[in-house]
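Colleague: Generate the whole structure from the sequences, applying the supplied hints.
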Amino acid sequence: MSGHSQSASGSAVNLTRWINRTVIYGLLVFFAIVYLMPLFVMVVTSFKTMDEIQSGNMLALPQSPTIEPWLKAWGEVCVGLTCAGIKGYFWNSIKMVVPAVVISTVMGALNGYVLTKWRFPGHTLVFGLMLFACFIPFQSVLLPMATILGNLGRFGNSLEDTIGTSLGFGNPTENLVIVHVIYGLGFTTLFFRNFYEAFPSELVKAAQVDGAGFFQIFRRIMLPNSLPIIVVTVIYQFTNIWNDFLFASAYAGTGDAMPMTVALNNIVNTSTGVVEYNVNMASAMIAALPTLLVYIVAGRYFVRGLMAGAVKG
Amino acid sequence: MAFLQISSLRKRYGSLEILKGIDIELDEGGFLVLVGPSGCGKSTLLNTIAGLEAITQGDILVDGNSIADLHPSKRDIAMVFQSYALYPNMTVAGNISFGMEMRGVPLAERKQAIEKVAKVLQIGHLLDRKPGQLSGGQRQRVAMGRALVRDPKLFLFDEPLSNLDAKLRVDMRIEIKRLHQTTGKTIVYVTHDQIEAMTLATKIAVMKDGLVQQFGTPFEIYNNPANMFVADFMGSPAMNLLTGAIEQANDGLHVTLERPSGNPVRLAIPARLQGLEAYAGRQVVFGIRPEALTDPEGADRNAVAVVENECLIEVVEPAGSDTFAVIKLGGKEVVARLRADARINAGQNVRLAFNLDKAVFFDPQSQARIA
Ligand SMILES: Nc1ncnc2c1ncn2[C@@H]1O[C@H](COP(=O)(O)OP(=O)(O)OP(=O)(O)O)[C@@H](O)[C@H]1O
Ligand SMILES: [Mg+2]
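In order, the protein sequences belong to chains Y and S. Okay, so the first sequence: first residue is 31 according to our numbering, each after it adds one. Okay, so the second sequence: first residue is 237 according to our numbering, each after it adds one.
To be clear, the hints were calculated from the coordinates, so they are not data collected in a lab. Just so it is clear, CB atoms sit at the ideal spot from N, CA and C, and this is done for glycine as well. Fair warning: there could be bad hints in the mix.
What the hints assert, rightly or not - Take a look, some chain Y residues computed to stay more than 10 angstroms from chain S by CB distance:
#: 1; residue: T52
#: 2; residue: G86
#: 3; residue: S94
#: 4; residue: Q169
#: 5; residue: I265
As the list claims (entries may be wrong) - Think about it this way: if two alpha-carbon atoms lie no more than 25 angstroms apart in a straight line, the pair counts; the simulated PhoX-like pairs of lysine-lysine are:
#: 6; chain 1: S; residue 1: K389; chain 2: S; residue 2: K352
#: 7; chain 1: Y; residue 1: K147; chain 2: S; residue 2: K310
#: 8; chain 1: S; residue 1: K421; chain 2: S; residue 2: K389
#: 9; chain 1: S; residue 1: K355; chain 2: S; residue 2: K413
#: 10; chain 1: S; residue 1: K366; chain 2: Y; residue 2: K147
#: 11; chain 1: S; residue 1: K594; chain 2: S; residue 2: K439
Modeller: Shown next, in the form of structure tokens:
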């Protein structure tokens with residue numbers, strides 16, 4: 031008797047669970063499709079010929095796939111008046127993003143290290159102010175920053191006159207690196223400070239007793255144990271800086287130093303002849319690839335349990 | 237001049253005072269053991285000696301020179317942390333040799349030193365592992381290795397054996413004693429283990445609430461506790477502390493201990509003990525260690541003042557090497573320590589010998605030693 035009622039309620043439980051599952055997975059699949067649809071359109075379009083795009087369905091797979099649009103985007107497409115592809119701008123972006131990410135990450139790590147393990151009177155105030163930097167909107171710093179960069183440019187010119195080299199001051203790429211480092215510092219400091227707050231102080235003390243100095247502890251103890259937060263910071267900074275359009279267009283919007291994002295905009299806005307959707311899509315895909323790559327490569331190093339064994343229980 | 241001299245040391249965290257004036261002197265080659273209840277400031281004291289915590293007041297001298305303002309790396313100390321503090325990114329060998337590396341010891345020398353210390357600590361097979369792949373006891377031994385591999389002026393150990401199993405703990409204890417005897421290094425050592433404290437120390441400092449309650453040799457601490465706290469804290473099982481009344485009679489001073497049966501135990505106080513006259517007619521705390529309360533056959537033959545008395549045994553606890561018996565006396569449960577083969581049963585009346593040579597008396601209010 032009791033066994034019978036148990037199995038009946040058991041199957042009812044199974045049924046509700048089955049319904050729940052179906053609803054959950056149904057929703058997940060639906061949103062995945064909605065989310066991936068534009069990407070799908072971009073990818074298929076970038077492999078189609080212009081004829082096929084003009085005649086066919088947007089969602090259809092390419093009839094005769096071709097990499098011609100990709101080659102054209104990389105090497106021949108016109109950006110504004112120069113028609114040498116986006117490859118130059120791609121490298122511009124790399125030259126800007128790599129130093130900016132490296133410098134802002136290292137400086138954030140150093141800040142976090144000092145703010146947690148080498149506390150000084152007023153450290154909370156300093157951290158509070160740095161945190162404040164995270165909430166300043168991009169737009170509000172555009173003009174003041176332009177003034178500063180202008181001054182830096184003049185400083186570079188006078189350097190050029192006196193010691194024969196400007197040390198890169200006034201160079202648009204270097205300007206963008208400076209802007210992104212300063213703007214990113216608030217975030218990278220926040221990330222590292224919170225990570226190091228939970229980092230066992232005994233390790234620093236033990237290293238001090240072992241005779242290690244400030245930078246030795248940073249390099250040999252802190253950094254090697256910070257992989258998870260380094261990965262987070264690098265992904266965050268890389269994506270933000272690579273995708274930035276506002277600073278890029280404001281401080282390097284014209285000329286040879288133009289980063290990828292601005293160049294892409296200019297390609298799409300070029301009004302000569304027909305709009306080559308396939309080339310545009312291929313350019314956009316190329317512009318998106320590095321961030322994708324960073325996610326895939328860096329994401330693999332999201333390792334847990336890195337601190338295992340440092341301290342008791 | 238003492239080798240390690242700590243004078244009126246105070247440590248404050250904001251308004252919270254953790255160390256309230258510590259004075260300790262230790263000769264070169266001495267082995268100082270710090271004991272005390274959890275939170276009394278033992279680790280804090282060790283950290284101030286290491287320079288990891290700034291001191292609020294007072295001074296620390298090593299070899300006659302103040303080290304209070306020196307950076308930890310300049311103090312020439314090696315330390316075992318209570319929490320081990322192993323570098324998770326380095327192998328065991330890397331952990332052990334990091335200090336030498338920082339001090340510029342050549343690679344070949346480092347290798348030799350690692351091998352030597354690994355052999356002593358039985359961790360030779362673990363040298364290539366990371367701390368995360370070790371058990372608690374293994375980590376603790378690596379933490380020991382990191383200190384032992386160096387040749388500092390002063391060793392600081394914060395409960396270095398607390399996580400080891402009983403047998404390994406005994407081995408390591410003997411190893412530390414051997415190390416101390418052969419190298420003659422000065423050591424400051426924190427422990428909760430009574431046996432470690434008694435066997436290793438040349439001096440013991442019993443701490444409570446940031447104050448040193450008593451500082452002396454293990455013998456002094458054990459036999460002449462300065463107050464009830466020290467008497468109760470050192471020794472396992474702890475000293476029996478019972479309430480008694482001092483009486484002046486024709487045949488001298490007596491202490492009377494009440495019993496539930498109504499027939500109080502009356503013990504003549506040996507002439508050796510001075511200063512109790514003033515307490516005649518008042519209550520005192522009578523302290524006697526379990527081994528001074530034993531069966532007549534097991535009593536100390538050299539003792540002068542031994543008094544026998546019939547007592548009702550309430551509980552018998554055979555512990556292998558000894559038999560412990562619990563009796564009711566002076567309003568407390570009192571533990572007596574008998575020979576292992578003493579044939580007694582609960583509920584029996586048995587003659588017990590009180591060795592008054594070892595008895596101590598405390599003031600119940602101030603808790604200080606009277607005699
Ligand atoms: N940074 C700090 N700020 C405030 N109080 C602290 C700080 N570090 C330690 N204390 C306090 O100081 C007291 C002594 O701590 P300490 O670690 O020296 O105790 P201990 O004697 O080593 O105890 P245990 O035997 O449990 O290791 C504790 O009450 C602790 O809460
Ligand atoms: Mg402690």
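Colleague: Hints first: check each against the structure and report whether it holds.
Modeller: Structure-based check of all given hints:
1. T52: It holds; T52/Y is separated from chain S by about 42 angstroms at its closest Cβ, greater than 10 angstroms.
2. G86: The claim holds: G86/Y sits with its nearest Cβ about 56 angstroms from chain S, beyond 10 angstroms.
3. S94: Check passes; 53 angstroms lies beyond 10 angstroms.
4. Q169: The assertion about Q169/Y holds, with a minimum of 42 angstroms to chain S.
5. I265: Nearest chain S Cβ is 21 angstroms from I265/Y, so the label holds.
6. K389/S x K352/S: Holds, because 20 angstroms separates the two Cα atoms, which is no more than 25 angstroms.
7. K147/Y x K310/S: holds, 19 angstroms
8. K421/S x K389/S: holds, 7 angstroms
9. K355/S x K413/S: holds, 16 angstroms
10. K366/S x K147/Y: Given pair K366/S, K147/Y holds - Cα atoms ~24 angstroms apart, limit 25 angstroms.
11. K594/S x K439/S: holds, 21 angstroms
The structure is consistent with each of the numbered hints, conforming to all of them.
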